[in-house]
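Student: Next come the chains, spelled out residue by residue.
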Amino acid sequence: MRDIYLDNNATTKVDRAVVDAMIPYFTEQFGNPSSIHRFADGVAKAIKKARSQVQEILGAEHDSEVIFTSCGTESDSTAILSALKCQPSRKEIITTAVEHAAILNLCDALEKDGYTIHRLPVDRCGRLNLEAYKSMLSDNVAIVSVMWANNETGTIFPVEEMAEMAHAAGVMFHTDAVQAVGKIPMMLQDTKIDMLSLSGHKLHAPKGIGVLYLRRGTRFRPLLRGGHQERGRRAGTENTASIVGLGKACELALEHMEFENTQVKAMRDRLERGIVEQIPHCFVTGDLNNRLPNTTDIAFEYIEGEAILMLLNKAGIAASSGSACTSGSLEPSHVMRAMQIPYTAAHGTIRFSFSRYNTMSEVDEVLKVMPDIVASLRRLSPYWDGEGPVANPEQAFQPTYA
Amino acid sequence: MWDYSDKVKEHFFNPKNAGAVAGANAIGEVGSISCGDALRLTLLVNDKTEVIEDAGFQTFGCGSAIASSSVLTEIIKGLTLDEALKVTNQDIAKELDGLPPEKMHCSVMGREALQAAVANYRGEEWQDDHEEGALVCKCFAIDAVMIEEMVWANKLRTVEDVTNYTKAGGGCAACHEDIEAILERVLRERGETFDPNAAPVEAPILAVAEKKPLTNLQRIKKIEEVLNSLRPQLMADGGDVELVEVVGNTAYVNMTGACSGCQMASMTIAGIQQRLMEVLGEFIKVVPASQMPKSELVQVVAHA
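In the order they appear, the protein sequences are chains A and B.
Residues in the first sequence are numbered consecutively from 1, following this note's numbering.
Residues in the second sequence are numbered consecutively from 403, following this note's numbering.
Next comes chain A alone, as it looks inside the complex (with noise of 0.2 Å):
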């Protein structure tokens, strides 16, 4: 049996038809598209077309909207430090408890120098409160960074109506858009969203490239300064090959919108529901009417991710944890404690995600194994006795903690 991969949050496999486009930019094309001769004239004009892919996509009014960066995290880190160098008399951030670490590690730092950081929290499905986050928008609030869907449960939140709020504040909006591009369509020209990040290697573009909207006029100052390379907002060579690739991934994107959120769905669905109906003590996480189409996290009681992850590896199936023990920080994951689920259920939280390639049979397989790798990790656990979880299991099992 084939390897099944349900871990495309994390990354997706290269479309092959992204490779192919790709290829002639290393070998014939590699000229720099600032030359002027043959090995480059087809390059400048390969890199507009793929700007236009990504316009369209995203439903941009402009394609000079669209900055290409390396990743998600250069585009997140030179919004976020634009609105603060563009505005310094502003000293504060607005963003959410469960961003990506992207955001969240900068805005760390970024509280160490003084700025002052407010961090919405989420209620027990992942929903925000946007009458908390009405009543912090101020002239001293420089940028709101919200993400679009979250990573780990897929929850989209209400970003273009918290761009309204913000945009009637006079605040500027950003949203890390990495999980949502692609996966949902977006017509950003119809937002007040000023700034957005995506990234190609969750849309089967490769890793290293990334892109940054950035509306007509809103006020900015760029992180890379040199070349006058992307109109000398972002300086440094253009990494052609795979600007051309995201183009195409996002091309092909477009064409699967559909395909995504009926197909790529029904799979999702039926998964859930077969894991859900066939082992008992589990739930699904995150806000279930409101979500992304390819994403669905379960926390399984009483056991944790990594033992779970690893006897699905074994089984050949990827997928991934947001249990403490799978993260190099060993820190639980803040999306879990953020919707405060408790530990005992935290810690066994297993995020399934698919992608176009998957297919019903590969989860009808997950379906066969999955009980029997649950049933397997509760025989060993002290929160487990036989058929079910001990009498009050928390207190039945209190442990000293160092």
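Since the hints were made in silico from the structure, they are not lab data.
Where a beta carbon is used, it is the ideal one built from N, C-alpha and C, also for glycine.
It is possible that part of the hints are untrue.
Said to hold, decoys possible - Simulated DEER-style distance windows between Cβ atoms: (1) A:Pro121 / B:Phe415: 37 to 43 Å; (2) B:Ala424 / A:Arg124: 36 to 42 Å; (3) A:Ala169 / B:Glu582: 35 to 41 Å; (4) B:Trp404 / A:Asp3: 17 to 23 Å; (5) A:Ala40 / B:Thr652: 47 to 53 Å.
Following the hints, complete the assembly by docking chain B onto the known chain A.
Tutor: Just chain B now, kept in the frame of chain A:
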């Protein structure tokens, strides 16, 4: 995914002694706050001989926590309680052919569960004797609490001080920002300010680098001195180092005890090399004796 040894995988995929022992008369329940793992160890102890006749574990935790629990039960079955208490977390890690630095706390949890179970059998109250913090130095597995305590106890002021006292930051140097943050915090509490260019405190430093080139005998003596000064740190981790031979600017050493087979042995050797170069003021290469060329082995035999 973690780089687990085959031994870890074997104990994880086929755990030994899983489940509670029926009629257990010694029970230890401990958890590790840093990652939320928890372990219940149940023992059946012979009342007359104090021999552990059976051992079982129930673990809520990751692959290495389950493997550490499994191997612990295998190690202690058949031992008396006093013998079992001598089992260290390094023994557990060694039996698993090493654990990644971030996962060493799983072996610590095993040892603590054992201590707690013995205390439970003897009707004593088990007190945890160590506090665990977030891992700062991944090269040498040093956590924040350890660094903070050393900064307080020895009035350390610079990153270099911290490296001299704890090894933290002596490898890849990526954690220096985190170490500076700890220094800033502690120094503020002490009413001082952090100055990255402050003079180092009186470190456990040997001699200042000498200007004159060393004779081979002087070099060997110096190397011995440095190794002796580093030995207490290694021994605290259950390991040791011995000098086997010096050929030109290459020192051949044997890493023993917990150092042998430890996944961090190469980092430790790099640390020793760095230290030797600082003290001797010349380039020294430290190489495991196992990698000594045959021709030089003959020399060693001839010396002996």
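Student: For this structure, which hints from the list above don't hold up?
Tutor: none
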